[in-house]
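Asker: Hey, can you work out the whole structure from these sequences and the hints?
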Amino acid sequence: MDERPEASLVADARRGGREAFAELVRRHERRVRGIALRLAGNAADADDLAQEVFLTAWKAVGSFRSGSSFYTWLYRIAVNTSLSFLKRKGRERNRAPFDENRNAAVPGSDAAPGPEDRSALNELTARIDEAIAALPAHFRASFALVVDQGLSHADAARVLGCSENTVSWRMHKARKLLQARIKPFLEEARR
Amino acid sequence: MRCQTARKRVSDELDGALPSGRGVRLEAHLRTCRACRVYREDLERIQAGTGLAEAPAGFWTAFERELEARLSAEEAGRKRVEVPFAAGRRWAWAAGAALVLAGVSLWLALPRPGPAMIEEAWVAADDILDPIVRAVESDPELAGRIDRELQASIEEMSPVADPLFWESLSDDELRAVVTAMEKESGLGGPQ
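Taken in order, these protein sequences are the chains called X and D. Mapped onto the numbering used here, the consecutive letters of the first sequence carry residue numbers 1 to 191. Mapped onto the numbering used here, the consecutive letters of the second sequence carry residue numbers 1 to 191.
I should point out that these hints are in silico values taken from the structure, not numbers from a laboratory. Quick reminder that beta carbons are idealized off the backbone N, C-alpha and C, glycines included. Be aware that one or more of the hints could be misleading.
[As the list claims (entries may be wrong)] Here are the in silico distance ranges between beta carbons for each label pair:
1) Arg-30(X) with Ala-98(D): 53 to 63 angstroms
2) Ala-97(D) with Ser-66(X): 35 to 45 angstroms
3) Arg-88(X) with Leu-108(D): 40 to 50 angstroms
4) Pro-115(D) with Ser-66(X): 57 to 67 angstroms
5) Gly-16(X) with Trp-91(D): 21 to 31 angstroms
6) Thr-72(X) with Gly-21(D): 24 to 34 angstroms
7) Phe-59(D) with Arg-88(X): 23 to 33 angstroms
8) Gly-16(X) with Leu-106(D): 16 to 26 angstroms
9) Arg-88(X) with Pro-56(D): 24 to 34 angstroms
10) Pro-5(X) with Ser-105(D): 52 to 62 angstroms
[What the hints assert, rightly or not] Listing some non-contacts, in silico: residues in chain D with all C-beta distances to chain X over 10 angstroms:
11) Ala-116
12) Asp-127
13) Ile-154
Answerer: This is how it looks when you write it as structure tokens:
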């Protein structure tokens, strides 16, 4: 069966169509939760945030302008809801400032508490996740949209309400910080 | 090309945001700079190791069910608040509308002084005053008494008739009065 065009679903949802909105939810729920998960840092908060995002979208869908892209609008709600949540929780204030010189523990060293049977790839993924979680929130938001969701710099800029150059610069800075933080692990794995 | 510029372009390249012309120059730099080559390898490994954990099986069904329940609750709440003609309120609205209608009808039915009514009022006043004016004009003695009465009432209201009037004035006010009187009588000398 052919998929209904998104514009038609959005038009129905704007008129109060719950079925159409449910279909939009099914199409975007994974990505919305992915953004929330990257920003909140844990599954329980991400699940609550994803619910909140869709509730907000349902309440506001009547004011959505049909000329713009629905997913850009929805992801903006997702990013803003997650950032507001972080502010409320004060996590950003309490988060230890990112220290480029503080390197991740090298596997096999005394400081590495991870289970020995964990594969190198899993270990790398876990280290990368930890390093991403320590990035400043706006860098994480750019990373979530560009790397996790595969958005172009232009689309990410529309979601975040900033310029493409800003997204490009944030991505560069984020990667530089990540590379600096897990460099010892990468070097160890390279040997 | 400086290494800093090259690394920014490596990041753009990973996001598919590097124009082809710049890619050629980047490749030329990487051929001669080992540190930047290693940096690119590190970023590629980080990119490959980045991924979000998939939600457990059955998660999305439960997620959609919970969202559906919350949307229903939200909608029910909205109806309770927003529907003005809900069954319980219909009589109140009808009574209010009837009161407003009765008020408007009463206001419209009230008699208003039209031009003819104003003309009649003037004529009636003339009818009362005319005999008095005629009687005064035909009796010089009565006219003289009325004149004297009027003069006496004017004098009563003047400050000269009130012995306490001057005492109630301040020094400045007294000086102002004296100056004005001198000016009026020509005794004040040149100003």
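Asker: Which hint numbers doesn't this structure obey?
Answerer: Failing hints, ascending: 3 and 8.
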